[in-house]
Amino acid sequence: MKILIISLIAVLCTACNKDENSFARNSFQDYCVVDGKENDLLDPNNPNGINTSKINIYYLINNEKIKASEYFPNRDYPGFLISKPKGERKKYYITIYLNEKTTSGNIAYTYIEWNENDMDTIKTEVYKGANILTSTMVAFNDSIWDWESAKEDYIYKIVK
1 MKILIISLIA VLCTACNKDE NSFARNSFQD YCVVDGKEND LLDPNNPNGI
51 NTSKINIYYL INNEKIKASE YFPNRDYPGF LISKPKGERK KYYITIYLNE
101 KTTSGNIAYT YIEWNENDMD TIKTEVYKGA NILTSTMVAF NDSIWDWESA
151 KEDYIYKIVK
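According to our numbering, the residues represented by the sequence shown are 1 to 160, in order.
Take the hints with a grain of salt, since some may be wrong.
[To be verified] If you anchor each label on the Cβ, the simulated ranges turn out as follows: (1) E64 with G87: 20 to 28 Å; (2) R75 with W145: 32 to 40 Å; (3) T103 with P47: 35 to 43 Å; (4) K157 with S27: 15 to 23 Å; (5) G129 with S53: 34 to 42 Å.
[Said to hold, decoys possible] Mimicking BS3-like on lysine-lysine, the simulated pairs with C-alpha atoms at most 27 Å apart in a straight line are: (6) K65 with K128; (7) K101 with K37; (8) K160 with K67; (9) K65 with K90; (10) K54 with K67; (11) K37 with K67; (12) K128 with K54.
Calculated directly from the structure, the hints in this document are not laboratory data.
Every residue gets a Cβ at the ideal spot worked out from N, C-alpha and C, and that includes glycine.
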């Protein structure tokens with residue numbers, strides 16, 4: 001037991017550093033998307049599901065909606081990523097890479113275009129510190145979501 005404690009302390013001491021050039025970024029959110037009967041709309045086997053090839057993400061930059069794939073042309077993902085169920089997550093989920101550029105004050109806007117007829121707005125309050133950038137508030141279509149509504153695994157539910 002004594003060796004385990006000493007080993008743990010050694011690992012913790014070497015893992016922590018005071019590198020002032022390091023930067024922590026938390027600018028994404030995970031969402032499951034369901035219908036009123038809790039059917040998974042991101043499941044590719046659901047005939048009534050969302051066609052994920054039609055999804056586009058836009059950022060509000062200088063009062064103009066810019067497609068995420070154009071704003072970040074070198075990213076592997078066009079502003080979002082669809083993931084399969086794993087662990088406690090029983091449904092497919094979409095990770096949205098949120099806009100970090102604030103418009104007025106510390107508010108940033110990200111838009112999810114599900115298809116040509118359906119668009120939702122994510123409004124985030126962005127905190128920028130010396131070595132950190134994170135969302136301190138998330139509103140989906142003007143409804144503020146608290147962290148408790150995201151459950152233990154920090155995933156929000158969108159009902160379509």
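Enumerated hints in conflict with the structure, sorted upward: Going through the list in order, the structure violates hints 1, 2, 7, 9, 11 and 12 and respects the others.
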